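Asks: Chains U and G, in that order, give the protein sequences.
Residue numbering for the first sequence follows the working numbering, beginning at 119 and increasing consecutively.
Residue numbering for the second sequence follows the working numbering, beginning at 119 and increasing consecutively.
30 Å max Cα-Cα, derived DSBU-like pairs, lysine-lysine:
| no. | chain 1 | residue 1 | chain 2 | residue 2 |
| --- | --- | --- | --- | --- |
| 1 | G | K229 | G | K258 |
| 2 | U | K321 | U | K258 |
| 3 | G | K420 | G | K388 |
| 4 | G | K390 | U | K229 |
| 5 | G | K236 | U | K390 |
| 6 | G | K420 | G | K390 |
| 7 | U | K390 | U | K420 |
| 8 | U | K388 | U | K420 |
| 9 | G | K323 | G | K458 |
| 10 | G | K321 | G | K297 |
| 11 | U | K229 | U | K258 |
| 12 | U | K323 | U | K258 |
| 13 | U | K323 | U | K297 |
| 14 | G | K458 | G | K321 |
| 15 | G | K420 | U | K420 |
| 16 | G | K297 | G | K229 |
| 17 | G | K258 | G | K321 |
| 18 | U | K236 | G | K390 |
| 19 | G | K297 | G | K323 |
| 20 | U | K229 | U | K297 |
| 21 | U | K420 | G | K229 |
| 22 | U | K321 | U | K297 |
| 23 | U | K323 | U | K458 |
| 24 | G | K388 | G | K321 |
| 25 | U | K229 | G | K420 |
| 26 | G | K236 | U | K388 |
| 27 | G | K229 | U | K390 |
| 28 | G | K420 | U | K236 |
| 29 | G | K388 | U | K236 |
| 30 | U | K420 | G | K236 |
| 31 | G | K297 | G | K258 |
Hint data in this document are derived by calculation from the structure and do not stem from the laboratory.
Bear in mind that the values here come from a model prediction, so they are computed numbers and not experimental data.
Each chain, letter by letter, is given below.
Number of protein chains: 2
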Amino acid sequence: MMRTPHGDIPTPVFAPVGTQATVKTLTPDELVTIGATLILANTYHLYLRPGADTIARLGDLHGFMGWPGPILTDSGGFQVFSLEGLRRVSEEGVVFRSHIDGSEHFFSPEKAVEIQEKLGADIIMVLDECPDPMDYDYNKSALERTHRWAERCLRAHTRADQALFGIVQGGVFPDLRGKSAEFLTSLGFPGYGIGGLSVGEPKDKTWEMLDVTVPLLPTHAPRYLMGVGSPEDLFEGVERGVDLFDSVLPTRLARNGGVFTSRGRINLRKAKFADDPAPIEEGCDCYTCRRFSRAYLRHLLKAGEILGLRLNTIHNLHFLVELMGRIRAAITEGSFAALKTDFLSRYVPAANDEDQRIKHLARRRGKPKRKGNA
Amino acid sequence: MMRTPHGDIPTPVFAPVGTQATVKTLTPDELVTIGATLILANTYHLYLRPGADTIARLGDLHGFMGWPGPILTDSGGFQVFSLEGLRRVSEEGVVFRSHIDGSEHFFSPEKAVEIQEKLGADIIMVLDECPDPMDYDYNKSALERTHRWAERCLRAHTRADQALFGIVQGGVFPDLRGKSAEFLTSLGFPGYGIGGLSVGEPKDKTWEMLDVTVPLLPTHAPRYLMGVGSPEDLFEGVERGVDLFDSVLPTRLARNGGVFTSRGRINLRKAKFADDPAPIEEGCDCYTCRRFSRAYLRHLLKAGEILGLRLNTIHNLHFLVELMGRIRAAITEGSFAALKTDFLSRYVPAANDEDQRIKHLARRRGKPKRKGNA
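Chain U extracted, bound-state conformation (with noise of 0.2 Å):
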């Protein structure tokens, strides 16, 4: 159970993404039937459109989404360091360009601290540089500054209704990994992302290095899986200790047509479905399952209908905030790994190659892109 000034989160939690202050096609009052208690939002992009200033005026984000419940705001570091060529990063900050207009800004540790102070979530995360995983130089003189930026991150925080929580670095390597988890804990965070996971590494690494971390983090705080949401990688994750988890997976996946069934994921899109009259998951109670054949659902998707995006994107994210419902009990009554093994043995994860496929759509979590709708 995490408390929060906007409401308890009950723990471990999965919490959907809403980039741009919106869990992409669905209202606030979708994410509270669906049972959603923590949303997260993205600094870089919040901070470029409409900006942090007019979100402060229009009653922080809380207000400005009309989502009353729990956020999280992501620091931004991810997207600007996903900027490739249009960033240059200093001791200082990191100099980027708008991928909206081009314009050239600034972040700076203290900078990313007073747009999450203006944005108003009740979690906050600092600025961190996200190399790729798998450099070991790069990883190492990176996680140097990435602490010197936590600790400038601590000293600008002024709102203590806000949690503020330091983010694990450390590419793939257990030396660094650990030497970041005890740097930070002798700060003292509310709260503990692990960043750089689940950007292209093999899995086998991402839960090797949750292995070398977690146990260093002190036990009374949150630890925060940043990125990773498939069903079968949150056992993976609660299993290890992790309490929260984000993801754009759910969401992206859901617009593309896939979602989730307790025996995998199926693309609504094939035409197999097209007379199927049966809902994507039989007895789910999401309201898509609820009203709406996979017929209709592939017809929306084939003829392009928003409606299918919608219906799609509510049973995700329902399958997803139900199954962690399900781990909450089941680790209360002391039968996670029953649960578990039962789970797993009836859910087969997408094959390798459709898994990287989404891992990489993943992996562009809330990342910019030069044209359209990041």
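Position chain G relative to chain U; hints supplied.
Replies: Relative to chain U, chain G alone:
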């Protein structure tokens, strides 16, 4: 009041358009909340995708799209005759190519009825030819064929639970309109569409044609002015005895940022709304106005977020449905003229050029495009 197997429809009524078996961006439940009592769907689009047989197997249109109330299907004539260069008309029917894949298809009056019987709407329409409204010779010759097609539709029609409406044509020519109204009335349809208007002709011609046509139609049968739906036009139509309107204007406008207010249309994309904390319309009790500011709606539009399209659509449909409710109440109380004067004293119709641009968009009601979504 119109009675249908799926419910009563208080008249006059504005019917939202759901071309592809979805009123764009909305769920059936949202349409119920808005107060919609009748929606349109389109035979041309649904015949091509997903196909009438598929829809028939999945519980006809009502079951397929999860809308329990009355539905009207357009015959597809308007769409087929919008396919310039792609169609070939003869006495027998019309050959056309799909805008989706270029495949060749044939609609006859009998086929149009057969498809609509499979789709299962409560009100279905005869197949008609929709010529350039200003071309006398074309209208004259097309009219005779359209009348023969109307007779063939009547003969082909087998389902007693569906009301088959005739469609008056004749361009902007009083003699042709009169001839058409008289001929169709002699066939004894349960309702009459007035087609071929609001397709680019001057507005005074539209009303002149209504003045000529409506008195020739039987008083007991509903009159349906096809493709008209701006607030000011609803008043003009109702005053002339129209019972039923449909138009993509409110939904299409919404997706372009245009929303109705009691003082006229505004476009939420404008910079002046960037910090505006007010709802679209003070006192409006639609979901959008109860929950969100113009500033947030503008942000969603500028950021390309689907939620903005949804929220604007909800407001615009609510605006027209609520206005129609006030018009019905005023008719009952004998105060229609006062309501019209009062409404139009505050409501500034869009400037002529803007209006022409939107009319042009409205003309494309369900008009197939070569690429993307219609």
